[in-house]
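**Q** Given next are the chains, with one letter for each unit.
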Amino acid sequence: MSTVKKPLSDTAKAVGERIGCLRDFLEFLEENGQCITWTDEILPEPDVRNIAVAAGRDSMNGPAVIFNNISGYPGKKLVLGVHGSFTNLALLLGHPKGTTIKELFYDIISRWGDDAPLLTFIEPEDAPVNENRITENFNLYDLLPLYRINEYDGGFYIGKANVVSRDPRDPDNFGKQNVGIYRIQVQSPGEFTLLSVPAHDMGRHIMAAEEEQVPLKISVMLGNHPAMCMFAATPIGYDESEFAYASQMMGSPLRLTKSGNGMDILADSEMVIEAELMNGVRSFEGPFGEFPGSYSGVRKIPRFKITAISHRNDPIFENIYIGRGWTEHDTLIGLNTSAPIYAQLTKDFPEVVAVNALYQHGLTGIISVKNRFAGFAKSVAMRALGTPHGTMYLKNLIMVDDDVDPFDLNEVMWALSTRTRAEDTIVIPNMPMIPIDPAAEVAGKGHRLIIDATSFMPPDKLGSDSKIVTPPAGPEIDALAKMIQALQNGEKP
Amino acid sequence: MSLCPRCQAAKEKIRTEHKGLNAQGELVWTIFHCVACEFTWRDSEPATTIDYDKREAFFRVDTEKPYPVIMPPAQYK
Numbered sequence: 022m023s024t025v026k027k028p029l030s031d032t033a034k035a036v037g038e039r040i041g042c043l044r045d046f047l048e049f050l051e052e053n054g055q056c057i058t059w060t061d062e063i064l065p066e067p068d069v070r071n072i073a074v075a076a077g078r079d080s081m082n083g084p085a086v087i088f089n090n091i092s093g094y095p096g097k098k099l100v101l102g103v104h105g106s107f108t109n110l111a112l113l114l115g116h117p118k119g120t121t122i123k124e125l126f127y128d129i130i131s132r133w134g135d136d137a138p139l140l141t142f143i144e145p146e147d148a149p150v151n152e153n154r155i156t157e158n159f160n161l162y163d164l165l166p167l168y169r170i171n172e173y174d175g176g177f178y179i180g181k182a183n184v185v186s187r188d189p190r191d192p193d194n195f196g197k198q199n200v201g202i203y204r205i206q207v208q209s210p211g212e213f214t215l216l217s218v219p220a221h222d223m224g225r226h227i228m229a230a231e232e233e234q235v236p237l238k239i240s241v242m243l244g245n246h247p248a249m250c251m252f253a254a255t256p257i258g259y260d261e262s263e264f265a266y267a268s269q270m271m272g273s274p275l276r277l278t279k280s281g282n283g284m285d286i287l288a289d290s291e292m293v294i295e296a297e298l299m300n301g302v303r304s305f306e307g308p309f310g311e312f313p314g315s316y317s318g319v320r321k322i323p324r325f326k327i328t329a330i331s332h333r334n335d336p337i338f339e340n341i342y343i344g345r346g347w348t349e350h351d352t353l354i355g356l357n358t359s360a361p362i363y364a365q366l367t368k369d370f371p372e373v374v375a376v377n378a379l380y381q382h383g384l385t386g387i388i389s390v391k392n393r394f395a396g397f398a399k400s401v402a403m404r405a406l407g408t409p410h411g412t413m414y415l416k417n418l419i420m421v422d423d424d425v426d427p428f429d430l431n432e433v434m435w436a437l438s439t440r441t442r443a444e445d446t447i448v449i450p451n452m453p454m455i456p457i458d459p460a461a462e463v464a465g466k467g468h469r470l471i472i473d474a475t476s477f478m479p480p481d482k483l484g485s486d487s488k489i490v491t492p493p494a495g496p497e498i499d500a501l502a503k504m505i506q507a508l509q510n511g512e513k514p
Numbered sequence: 040m041s042l043c044p045r046c047q048a049a050k051e052k053i054r055t056e057h058k059g060l061n062a063q064g065e066l067v068w069t070i071f072h073c074v075a076c077e078f079t080w081r082d083s084e085p086a087t088t089i090d091y092d093k094r095e096a097f098f099r100v101d102t103e104k105p106y107p108v109i110m111p112p113a114q115y116k
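In order, the protein sequence lines correspond to chains L and R.
Quick note: the first sequence uses the numbering used here, first residue 22, plus one each step.
Quick note: the second sequence uses the numbering used here, first residue 40, plus one each step.
Isolated chain R, as found in the complex (with noise of 0.2 angstroms):
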């Protein structure tokens, strides 16, 4: 894995957050975490999800761009 299948965010961003084991202990899947975007998904994942070429395009971040802030902050001051 990568680039996040999301934002296309580097592997320096890609946090490996947890490892699935079976019963055997054998690994059965991954999670990964971008702390670009904030996206989170497990390598066991269908390719819709986790395949920025076949995810639908509607559903791209990009990080650059203004996003709503739900309760700024800023508000308060």
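Chain L with its partners taken away, still in its complex shape (with noise of 0.2 angstroms):
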């Protein structure tokens, strides 16, 4: 899948170029404000998941946050909040500070496809993530500075490694190769469990090696090139590769290497968990707090047994807070949620103009769309349910006209409060919904809802006798803005 491609700009390809791995991201970003150090003495429990809420309040800015001084864990490193916030990502694609989401969005647009990918192997004795090899006597409690998420999950969870898994049918395929996050719990040092679903990729790589009888061999990427999180993290096709996208959006080359396993992975991450599927067996799960912002309850689900550990020197393990929104977890896959839908709905509508679904994970969209005749919103809105993603996630859908930016919420309100009639809603019973969302009829079931917040248009004869007062919009009123906001920070404009 692609869209209009635009030439990146000098700054991104810069920054494309030098951000290979985690460790360069992180340095950029403290260069730039961006990143701090925790240096005191803290617990694991509460004080990361505190320390960690704090920093993430401010979705625009929040910096990420390096710990290395965690009691019990001497010498070991960990951070959090690396996705944590817009600047963080506007940063990654070569933008300023100040870059607003709408703009943010409509550059991951212009840079979205797997049409180019820019991917080089690497032997894997070159590799800097096989820097260390453990093949024995497993103990991810000394390897990692673990910790609770949040008060009353089940144990200790590791939120944002990049799992790769191949397909037991067809395992010479690359794209089919999937690179998903997936929530594991680690249950004793030497295995752990992994929640995926039916519905995601790596659910239907786990259901074929139990069906066949096979294998299932894993690599967990743990600290990674900042846009392969991003991806791993995005709805795209069975036969589509995340590694071809995240080389993509960054426009310079992403390095692989073949794990011990014969999985493609990153071949600058921090650290390779490499394992092999328990057939058959399931142990109690959770509970997690999950991005809906409650508590996912007890499960009994697949459970994975380590095979070999490859690390950097002194790896850094990379975390994520997630729970009652806004986290991490909003800013990571919002935009990277958005795109695909967009990129799906403009193929049969070009009218539609943005894709706001950055609200867990899509459980409210907003779609800004040109109505090409009356209804034509509601239209749209149909066609938005049955894309991929919209299937599962997109519960509550608002359609706004051309002229609202669905990502500023004020002007949203306006088009409900002034555009909205009560017979313009539409509830769908009984539809399927992401099995953790609290408010599903049942889980895995429920309704769905779609606002009409977009103006009447003939033969509708509503709204005939307003008239909409045009105050100055465009570039050189974004410009104005911009240049106060910089005399009000005492910059010069």
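Quick caveat, the hints were computed from the structure, so don't treat them as lab data.
It is possible that some hints are incorrect.
[To be verified] The list that follows gives simulated cross-link-like pairs (lysine-lysine, BS3-like), each with its CA atoms no further than 27 angstroms apart:
id : chain 1 : residue 1 : chain 2 : residue 2
1  : L       : Lys321    : R       : Lys50
2  : L       : Lys321    : R       : Lys104
3  : L       : Lys326    : R       : Lys93
4  : L       : Lys513    : L       : Lys123
5  : R       : Lys58     : L       : Lys98
6  : L       : Lys118    : L       : Lys503
7  : L       : Lys197    : L       : Lys279
8  : R       : Lys52     : L       : Lys321
9  : L       : Lys513    : L       : Lys118
10 : L       : Lys27     : L       : Lys123
11 : L       : Lys321    : R       : Lys93
12 : L       : Lys279    : L       : Lys326
13 : L       : Lys123    : L       : Lys391
14 : L       : Lys466    : L       : Lys321
15 : R       : Lys58     : L       : Lys97
16 : L       : Lys466    : R       : Lys104
17 : R       : Lys93     : R       : Lys50
18 : L       : Lys123    : L       : Lys503
19 : R       : Lys52     : L       : Lys326
20 : R       : Lys58     : L       : Lys326
[To be verified] Here are a few chain R residues that sit away from chain L, every Cβ distance over 12 angstroms (derived from the structure):
id : residue
21 : Leu42
22 : Gln47
23 : Ala49
24 : Lys50
25 : Glu51
26 : Asp92
Glycine included, C-beta positions come from ideal geometry on N, C-alpha and C.
From these two lone chains plus the hints, build me the complex, please.
**A** Below, the structure is given as structure tokens:
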């Protein structure tokens, strides 16, 4: 899949070339005042979660936080909030601080695709991830500064790993090899559970391996290139490669190598845990504070056994705070959730202007569209529900006109206040829904809501006697707003 | 640590998982794991997480009760 490309700016190209791994990005964030180091001694619980939540309050400008003095973990490093603010994403894409969410959305759209991947392959012995190799006596508790993310989680979770698996029925297919983020609960020094469901690509791999009674080998990448994390969380097609998308977005090559168990992995990740599915075994897992802001309950889920671990010298453990929003989860996946829905909709309906699916992975979406005829926005909404992500996630859809910025909630509320008739709301009962939505009628099934907040068109006579005030708008006013902000901050505009 | 803070399993079910030491090599905390309900905890955590009586009752686990199984292996047979 691809959209219309614009050439990258010189700054974006330079940033893409400079950032080859997590360490490079942390250094870059630090130079730009977007990464701090917490040097005071803290306890794993509750201090890590307290600091992570406080740092994450500012979704526009919050910093990444490196912890290097956690009690009981001398010499170990943990980082949270790497994708915790839109400014961190802006810097990754070569933009200055102060870049708006809408500007980032259009930039990501212009880079979207997998038709021109930039991947280089290096030998495993030359890969930094293989600086250290462990093949027995695994102990995740010793290797990683593990901690409880939320107070009633069932254990210590790895929440931001990028997991690589191959389709057991088509193991040589590069595109069907999947990279995804799945929650991992450490169950013993050398075993963990991993939650995936049949709707996920990896869920399909687990089911296929158990049906065929063949081993399912996976590689769990920790501390990754920041673009990789964004695409591991992106709902792209089953046979599309997350590596290809990530490299294309950065506009510079991503270095891959082979893991010991045959997966393609990032050569510069902090750590790669190789593991094998324990066929047919299900273990207690959870609760876990999930992205809707509630705990998903205790379940019995697939379990994996570690077979080898590779890591860089002094590896940095990258994790995430997740829970009641706004959290890093929302910033990490928000724009990458919005972009594919936009790309899929504009194929049929070029009138779609922008898609905001930032909220709880798209449980609420706002779509801006230019009505072609009366009622058109409702048809577009129905199509959105039929996109791969929309099928499970788009629960509440608000349709607004093309003159409304869907990323500016003041404008969206204006549209709701002035352009919505109660009868322009549609409820579609008993639709599929993600099982962890606390508002689901039963887990996995619930109702959908469409609110058409677009303006009226003939033959609809309503509103024909009112004229909208047109305040000055456009690039000139945007530039003035930035200048005023700079003056307010005491900077030279 | 004698019983599981979540399911009250007896101490035979509790495995000592890992001991955290400071830079001087002194013990600062210990991680335990209940093999009955798979709960993992550290003895330095707040009481609301590791004390059965102070935890919210909602989060107790009764291993005798049925819990949902993700992708039940029986479906392949």
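**Q** If you draw a straight line from the CA of Lys58/R to the CA of Lys98/L, is it 27 angstroms or shorter?
**A** holds (18 angstroms)
**Q** For the pair supplied as a hint, Lys513/L and Lys118/L, confirm whether the alpha-carbon distance does not exceed 27 angstroms.
**A** This hinted pair holds, its Cα atoms lying about 15 angstroms apart.
**Q** Tell me if the straight-line CA distance from Lys58/R to Lys97/L falls inside 27 angstroms.
**A** Holds, at roughly 15 angstroms.
**Q** Looking at Leu42/R again, its CB stays over 12 angstroms from all of chain L?
**A** Since the minimum Cβ distance to chain L is about 17 angstroms, Leu42/R lies beyond 12 angstroms and the statement holds.
**Q** Checking a non-interface call: every C-beta of chain L should be farther than 12 angstroms from the C-beta of Asp92/R. Is that right?
**A** Since the minimum Cβ distance to chain L is about 15 angstroms, Asp92/R lies beyond 12 angstroms and the statement holds.
**Q** Given the hinted pair Lys52/R and Lys326/L, is their alpha-carbon gap at most 27 angstroms?
**A** holds (21 angstroms)
**Q** Please confirm whether Glu51/R is truly not at the interface, meaning its C-beta sits more than 12 angstroms away from all C-beta atoms of chain L.
**A** Consistent with the label, Glu51/R stays out of reach of chain L, its closest Cβ about 17 angstroms off (over 12 angstroms).
**Q** Are the Cα positions of Lys123/L and Lys391/L separated by 27 angstroms at most?
**A** At roughly 17 angstroms apart (the allowed maximum being 27 angstroms), Lys391/L and Lys123/L satisfy the hint.
**Q** Has the given pair, Lys326/L with Lys93/R, been kept, meaning a C-alpha gap of at most 27 angstroms?
**A** Violated - the C-alpha atoms of Lys93/R and Lys326/L are around 34 angstroms apart, more than 27 angstroms.
**Q** The output says Gln47/R does not contact chain L. Does that hold with a beta carbon cutoff of 12 angstroms?
**A** holds (15 angstroms)
**Q** Sort out whether Lys503/L lies within 27 angstroms of Lys118/L, counting only the CA atoms.
**A** holds (11 angstroms)
**Q** Within 27 angstroms, alpha carbon to alpha carbon, are Lys513/L and Lys123/L?
**A** Roughly 24 angstroms between the alpha carbons, so the hint for Lys513/L and Lys123/L holds.
Of the numbered hints given earlier, the model fails hint 3 alone.
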